[in-house]
Structure formats: structure tokens, C-alpha cells
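Engineer: Sequence:
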Amino acid sequence: MIKSSKPTTRISALAAAICLANVAHSAVLEEVLVTAQKREQSLQEVPVAVTAISGEALQESVIKDVFDLQTNVPGLIAGINQTANTANFSIRGVGTSSQNYGLESSVGLYVDGVYRARQSSMINEMVDLEAVEVLKGPQGTLFGKNTPSGAILFRSAKPTHDGDGYINVNVGNYGLTNVQLAKSISAIDDELAFRITGFSSERDGFGEIVNLDQDINNRNRWGLRFQALWEPSDELSVRFIADHAELNEICCVAPTKLNSFYTTANGAPEFGTDALFQSLGGTVLNDDDYYNRQMSSNIVPTSTVVDSGYSLEVNYDLNDSLTLTSVTALRSFDSGDEIDSDFSDVRIITTINDAESDSFSQELRLTFQGDNLTAVGGLYYYQQEVDLHYELNGYDQLEPYAVTALGLDAFIGGIDTIAAQLAGTPFAPLFPGAAKPFFDEYSAQHDAMQDQNSYAVFGQMDYSFTDSLILTAGVRFTSEEKDLNTKYYELDGGQEVTWGPATSLAQIGAAGADLPALGYALATGDTATALQLMPQYQPYFSQGWANYALAVLAPRPDITANLSDEQITGSVKLAFLPDDNTLMYASVGTGYKSGGTNTDRIDAAFDPVFDAETSITYELGFKRDFDSIGMRVNAALFASTVDDFQANAFTGTGFNLQNAGQLETSGGELEVLWAVTDLLTANLGYAYTDASFKDFKQGNCWVATPWQTGMADPGDSGQGFCDRSGDRLSNVPEHDAVFGLNQGFNLSSGVEGFVQAEYVYRSDTMTDGNNDPLKAQDAYSSINARAGISFIDADVDVIFWGRNITDEEFHATVFDVPLQDGKLKAYPGEPATFGVSIQKNF
Numbered sequence: 008m009i010k011s012s013k014p015t016t017r018i019s020a021l022a023a024a025i026c027l028a029n030v031a032h033s034a035v036l037e038e039v040l041v042t043a044q045k046r047e048q049s050l051q052e053v054p055v056a057v058t059a060i061s062g063e064a065l066q067e068s069v070i071k072d073v074f075d076l077q078t079n080v081p082g083l084i085a086g087i088n089q090t091a092n093t094a095n096f097s098i099r100g101v102g103t104s105s106q107n108y109g110l111e112s113s114v115g116l117y118v119d120g121v122y123r124a125r126q127s128s129m130i131n132e133m134v135d136l137e138a139v140e141v142l143k144g145p146q147g148t149l150f151g152k153n154t155p156s157g158a159i160l161f162r163s164a165k166p167t168h169d170g171d172g173y174i175n176v177n178v179g180n181y182g183l184t185n186v187q188l189a190k191s192i193s194a195i196d197d198e199l200a201f202r203i204t205g206f207s208s209e210r211d212g213f214g215e216i217v218n219l220d221q222d223i224n225n226r227n228r229w230g231l232r233f234q235a236l237w238e239p240s241d242e243l244s245v246r247f248i249a250d251h252a253e254l255n256e257i258c259c260v261a262p263t264k265l266n267s268f269y270t271t272a273n274g275a276p277e278f279g280t281d282a283l284f285q286s287l288g289g290t291v292l293n294d295d296d297y298y299n300r301q302m303s304s305n306i307v308p309t310s311t312v313v314d315s316g317y318s319l320e321v322n323y324d325l326n327d328s329l330t331l332t333s334v335t336a337l338r339s340f341d342s343g344d345e346i347d348s349d350f351s352d353v354r355i356i357t358t359i360n361d362a363e364s365d366s367f368s369q370e371l372r373l374t375f376q377g378d379n380l381t382a383v384g385g386l387y388y389y390q391q392e393v394d395l396h397y398e399l400n401g402y403d404q405l406e407p408y409a410v411t412a413l414g415l416d417a418f419i420g421g422i423d424t425i426a427a428q429l430a431g432t433p434f435a436p437l438f439p440g441a442a443k444p445f446f447d448e449y450s451a452q453h454d455a456m457q458d459q460n461s462y463a464v465f466g467q468m469d470y471s472f473t474d475s476l477i478l479t480a481g482v483r484f485t486s487e488e489k490d491l492n493t494k495y496y497e498l499d500g501g502q503e504v505t506w507g508p509a510t511s512l513a514q515i516g517a518a519g520a521d522l523p524a525l526g527y528a529l530a531t532g533d534t535a536t537a538l539q540l541m542p543q544y545q546p547y548f549s550q551g552w553a554n555y556a557l558a559v560l561a562p563r564p565d566i567t568a569n570l571s572d573e574q575i576t577g578s579v580k581l582a583f584l585p586d587d588n589t590l591m592y593a594s595v596g597t598g599y600k601s602g603g604t605n606t607d608r609i610d611a612a613f614d615p616v617f618d619a620e621t622s623i624t625y626e627l628g629f630k631r632d633f634d635s636i637g638m639r640v641n642a643a644l645f646a647s648t649v650d651d652f653q654a655n656a657f658t659g660t661g662f663n664l665q666n667a668g669q670l671e672t673s674g675g676e677l678e679v680l681w682a683v684t685d686l687l688t689a690n691l692g693y694a695y696t697d698a699s700f701k702d703f704k705q706g707n708c709w710v711a712t713p714w715q716t717g718m719a720d721p722g723d724s725g726q727g728f729c730d731r732s733g734d735r736l737s738n739v740p741e742h743d744a745v746f747g748l749n750q751g752f753n754l755s756s757g758v759e760g761f762v763q764a765e766y767v768y769r770s771d772t773m774t775d776g777n778n779d780p781l782k783a784q785d786a787y788s789s790i791n792a793r794a795g796i797s798f799i800d801a802d803v804d805v806i807f808w809g810r811n812i813t814d815e816e817f818h819a820t821v822f823d824v825p826l827q828d829g830k831l832k833a834y835p836g837e838p839a840t841f842g843v844s845i846q847k848n849f
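Residue numbering for the sequence shown follows my numbering, starting at 8 and increasing by one per position.
Heads up, a few of these hints could be off.
To be verified - Here are the simulated distance ranges between beta carbons:
#1 F583 with D294: 50 to 58 angstroms
#2 E815 with V640: 23 to 31 angstroms
#3 D197 with E363: 39 to 47 angstroms
#4 G384 with Y496: 42 to 50 angstroms
#5 D618 with A517: 31 to 39 angstroms
#6 I306 with I636: 53 to 61 angstroms
#7 N569 with T411: 42 to 50 angstroms
#8 Y527 with D771: 52 to 60 angstroms
#9 P721 with E816: 25 to 33 angstroms
#10 P721 with I845: 54 to 62 angstroms
#11 E448 with Q543: 26 to 34 angstroms
#12 D618 with E671: 13 to 21 angstroms
#13 D565 with V245: 40 to 48 angstroms
Hints in this document: simulated from the structure, not taken from any laboratory.
Only a predicted model underlies this, so the values are computations on that prediction, with no experimental measurement involved.
For every residue, glycine included, the Cβ atom is placed at its ideal position computed from N, Cα and C.
Please put together the full structure from these sequences, using the hints given.
Structural biologist: Here is the structure:
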């Protein structure tokens, strides 16, 4: 409920969810409680950089998901590309991209204490939450693996005995209709209560597939959550949660950022693949169509998710000092994607990626609370099984397109000319002419099965030397094992392919260069030379020989791989509290992200097994409440080094994954809340991040810039990969800031209101890991605004809202289009959206 005269209920996300309260008409700062150390503590007493946002602030700021949340939490980056299932999150510059089931997140995601392994399980609506906490820096001691850059904690609103709840209807442009409902029910007074939560969200797409007259980037998702809270005594609490959510959407629009009709990089104009597409009847869109969000496709790309689970949390106070906690969870996450991987309406290739994931986790934790010592220790077990099916399907225009794009026409013509020359001679059976370069109905498929088991033991203690000096130290030992079995198979018309001898583009080039010599030898009767040259042409007499020339279409050997790993992570923090309003701390912490096995159809040159990613972070922090002026200032400086960073390169049909050596990231964060008056608050959030590769010798090379301009990649090794050492990490702005104002009004008796605005700024970024200059995103800013009115007696809130109200144009990932050198496509950010949210509380 909006209560501008009591800013406790107006917690701006920009202000790190700092509460305010009116006391004797003087704005003072109120305590904010967080669970960043797996126990309830004051935000200002925790030696961790934390941004906490209350559930009420999420509702009143109309923050529907993590992608909205990021604009209000500087340093948190959330993106999406290719499909609705390829969400990626990063904190302080380090994150994970792709839906590769063998790859885990650098940012740990936890809902009510339960780990969520898949990032895309957290793209749904944030509904009926008590709070969200964004923890920055390694959290490996208490939260375990896959938290080297931080963690995000989502806490659902618990059942209560007062029957509270709400219904919220949110409508907006693009046909947005979002309905949320939550209700608590008391079954046994002060002992057993239930809470039911549900949502449904639908919206038309803001992009268009022009040749199919189909909108894209729509929204179609729903979910339910049931909770039971049993508290038979003051010592025992049992909480059961069951949840289910589904998503079925058309995603994601990838308009042309830079076309490839022709280039003059080598002097004379040379036609590119867009000209070839046009000759095959394809719809070719120009660069100026980009922010019209238009694209072409020969299918409707779809993404589906079914996410469900159960958890049981038991807390039992053994005595006044000891509490035993058990958190048990079962989860299932199924996803499916169908993608036009040539990103056009020419019928070349599509991909299908379906996966099923089932997991079980168990944590046992013992917490001790003494006079000078607080400690928590425990055991953790996690088990997951993944079954994945992948298809890359070729169509009737694959051959005419690829033959021309790869420059094979002359080679095929040369072979056929010599075959005709030999017709009727004894050599004819040895040189029958070129077979069809590609299979007619080709489908490259694989089934991957991955099992993992992870065990951990951990402990952390806070020891107070004095009331002002506290030492925090913790350690965690983790042992895990992963097994991958992948069966690759290639079909033509549903039947297993019979492969001829292997070849490559280099071999094709060499054979093409020898064709004149072979023709001359045959014409002059030089049989010895002819017989010496002929054997190299044997691969081209078997259908499908050109599949070898395209890595993504080439056959693969089956994979059986195993990864066993043991890691020790920990942290040490020293906190100094000179007075009741100030905290200063210094910390050092280590973290790690699991190694794994690549489940994509990777380039055969890449090892399917990749090592764990490890990190060490140094941090200095300062937190202070200036009560006399109603201001709160929280700040942190950090420096991190990540070894064996898991670099993930998008190829259009999948992700090539490898350990990239070392990267470094450093910077600072500042969060300020100022209660200027009882009804006016100002908020500032700022993050500075300098993140770059220190050592990455085998990165991806530029493609677009050399083709478009002739400028060579300075890191080119001449061996098919490039040195990216010193390059920036992708999608990490140096400066990420937000500034907000909130003005409340007492309109009349029982009627209150507010207006709020946020200015969001992000400096320029490189949107792809190869740092191609043509993929840069310039600095941009956007504005979000809201105006609300609250009818106190009716318990009804009405909020008019707008996001990116100036319709700022920006994009996320820019990528080289598969099989189309020089062409760039990108995923644009959301356009301006507007709407009204009406909530009835009860």
C-alpha cells in the first residue's frame, strides 16, 4: 500500500531498499533486515555489499522480473539472446551466457533457500515476494559453488494468520495484461497457515517477422505457488512450498545491425551473402530497419519452459543458543527451443534444443548464537540429471546457398569438366564427377545425458573481540563429479548417413588448385602425373562431402567424459564499528564455478570438458547512517582475479566453450539514500567496473570488421583463433548509474499519492567477446517514471507507470550471423512501455 506520509512503505529500489519512517515529523532511517549470512541481520551491520529490495517496493515500482530489476541495481547486468531460455546474469562484470546445460552460472540464484541451477528458471514474474537481496562478491562459504561473482536471494512472502493478500491487475501497451493474486489462510490459529499465489502475464510482441506477418518477443507465462507454515511450538517451524510455472513464447527478434550486400575492403566491389540471399528469393532487410525491430524467418521461433518443485524447510531451536535447520528440495526444469539459425527466410538450417533437468538438494545447518561468538556450520548435497536432445536440420536451399557462399561452384565445375573429358576412357570409373555436395534432407542430432553429484561441508563464525571489532571467517570444502555421455548421429531423410572420406576447406582449396594440372596431364597423355593427382579427389565422389567444410554440419565422434573436482573456498572479514551508525570492513574471499561438459554441438576442435573457474576478491566497505540529515551511504571498493574463466562464444547455432586463462575486474559501488523531507527522498546508485582479459590466447576473431573495412584483427594468430588478452569483457559498462526522486503527497483525508522518476545511465560496452569494433554499443540513458494514488479506507492503490519513456534505442548482444561473413545482427532492448497497475489489498 502506498503511504507517502510513512515512507516505510515506499522503498525505492534505487536506494538499496533502505526503509524510512516518520518520527515526530523528522525523517529518520529505519533498520533493514537481510539474510546475506543465512541468518537475519541488519543491513548496516553485515560486512557484505548487499542491495536489498522489499516486495512492496517491487510492486510499487512495477518491477516485473530480473530484467527490470537490473536497471535499479547498478553492477547487476541481466540479458537475453537467441531464445527466451538464454538468460544471463552478471555481477561486477563476471557472469555466464547461454542455455548450455553443461555450463553453470557465475551468479548463484536462490529461492527460499533452494539453489536454482538454470538461470532461465529465474526469468519469470517476481510475484508475492518478501524481498530480493543482491549479494556482490564471492559467496562460496555459505552458498557454495557457482557464486564467484555474487548471489541473488529471492524470499517469498510467508503465510500469515491475519488473512492478508492482494489482487493486482496491470495493463499496458503492446496488449499487456498481467494478473497477480495472493492470499493467506489461517487453518489453526497461531499454528497452521497456508498461502496461495498465482500469476498470469500476456503481452503482444514488439518485434515483427515481416515475411510471416507474425509478431515476436511476446509474453505468455503463468505460475502458481502453494505454501504451508506449521508452527506447533515456539521451538519448531516447518514450511512447505510447492510451485509450478510455464512459459510458451515467440522469441527473440534479431534485426539486421549491419548488412552484407557488398564490400570494397579489397578494392573492387565484391558481393556478399545478402546479395546471394536476394537471388534465392530471401527477404533482405537493411540496417535502417533495425529499430523497427523487423526480421525475416522461415519458421516461428518458439521457447517453452515448464518449471516446478517442492521444498521443505524445518527450523528447530535445540536451546537458546542452537538452531538446527534442514532444507530439502526436489526440482524439475524442462525447456524447449526452436530457432531459425540462419536468421532469414531462406530455407537453410534450423535448430531444436530440448532438455529435461531433475535435481535434488539437501542442506543441514546448525547455528550457534553466543555472547561473543556466532557460528553456522553444515552439510550440503546436490544431485542433478540432465537429458538433452539437439537437432540441426538442413533444408532444400542449403546446397545452392552454401555452394556459392563457400565458392565451390568453380571447383565442382572443374571436376565435372574433367569427368566429361574422361568419359568413355579407362579412367572414367576412377573419376565419375562431383557428387552432390550436401545431403538432401540432412539432420545432425545428438542426445546428451549428464549426471552430477556434489557434496560440501562448510562453516563460518563471527567473533567479537570487542563491541567494535568483529572477525568473520569461514571455509567450505566441495567435492563433485560429473559424467557426460553424448551420442551423435547424422541422418538423411531419416536414415543414418553413410559418410565418404573426410575433407576440409583447406583440402578443397588444394584440390581446386591442382585441377588445371590434372586436366593438362590428361590432355597431354601424362598418365603418371594424372594417376598421382587423382586420389585426392576421391572424397568429392561421395554425397555430402561439403558437410565436412562446415564445422557445424560435420560428423562428430561420440563423447564419454568424466569430471571430478575438489575445491576449498573461504573468506576472512574484519569489521570495525566505531559507533552505532558506522561500519567499516575489509575482506578477502575465494569462489569457484564448477567445471563441466559441453552439451552443445561444439566445434570438434574444442575439448568437451572444461575446468572449474576460480576467483579471489579483495574488498573494502563503508556503511554509515547520518541520522541528523536523514542520509544513508553505503560504499565498497573491490578487486578480483578469475582464473580459467569459462569463455562462451555464440556461433548462431550454439556456443563454443573453453577456459580462457585469466581475467581481472576491479571497481567500486556507491548507494545513497537521502530523506530530504518527510515526503521527498532522493536515491543514487553507482557502479564502476573495469573488467578485462589478462590472458586469453585462443579467443574468437573479428569477422565483420575485416570483411567490411579490410582492417585486420590485431590479435590474429593466423591459426584460426585470436589473442584477446587486454580486451574488455562483453556487456560490462564501466559506468552504471541510476538516480531517483520520490515525492509524496497528502492529497486529502484517506488519500495519498506520489510521483517517482529514475534516470538510468550506462556507458559504452563491447557486446561480444571478440571485441569487434563494429559490435560496440554507445553509452545511453533511459528514464522510468511512476505516479500513484492510494485510497487508504478502500485499501486500493493505483499506479500509472512508464519504462524507458523516452524510447531510447539500444541493443544487447551483437553477433556474426552464421555462414554470412560481414553481416551482424543484434537483440534490441525493449521500447517504451506504459501502463496502469491497480491493486486491491485485503
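Engineer: Now, for every hint given, state plainly whether the structure supports it.
Structural biologist: Results of checking the hints against the structure:
1. F583 with D294: 50 to 58 angstroms: 56 angstroms, holds
2. E815 with V640: 23 to 31 angstroms: With a Cβ separation near 29 angstroms, E815 and V640 satisfy 23 to 31 angstroms, so the hint holds.
3. D197 with E363: 39 to 47 angstroms: 42 angstroms, holds
4. G384 with Y496: 42 to 50 angstroms: 49 angstroms, holds
5. D618 with A517: 31 to 39 angstroms: Cβ of D618 to Cβ of A517: about 36 angstroms, so the range 31 to 39 angstroms holds.
6. I306 with I636: 53 to 61 angstroms: 60 angstroms, holds
7. N569 with T411: 42 to 50 angstroms: Holds - the Cβ-Cβ distance for N569 and T411, about 44 angstroms, lies within 42 to 50 angstroms.
8. Y527 with D771: 52 to 60 angstroms: 57 angstroms, holds
9. P721 with E816: 25 to 33 angstroms: 30 angstroms, holds
10. P721 with I845: 54 to 62 angstroms: 56 angstroms, holds
11. E448 with Q543: 26 to 34 angstroms: Cβ of E448 to Cβ of Q543: about 29 angstroms, so the range 26 to 34 angstroms holds.
12. D618 with E671: 13 to 21 angstroms: 18 angstroms, holds
13. D565 with V245: 40 to 48 angstroms: Hint holds: Cβ distance 47 angstroms, inside 40 to 48 angstroms.
Violated hints for the displayed structure: none, as all numbered hints are satisfied.
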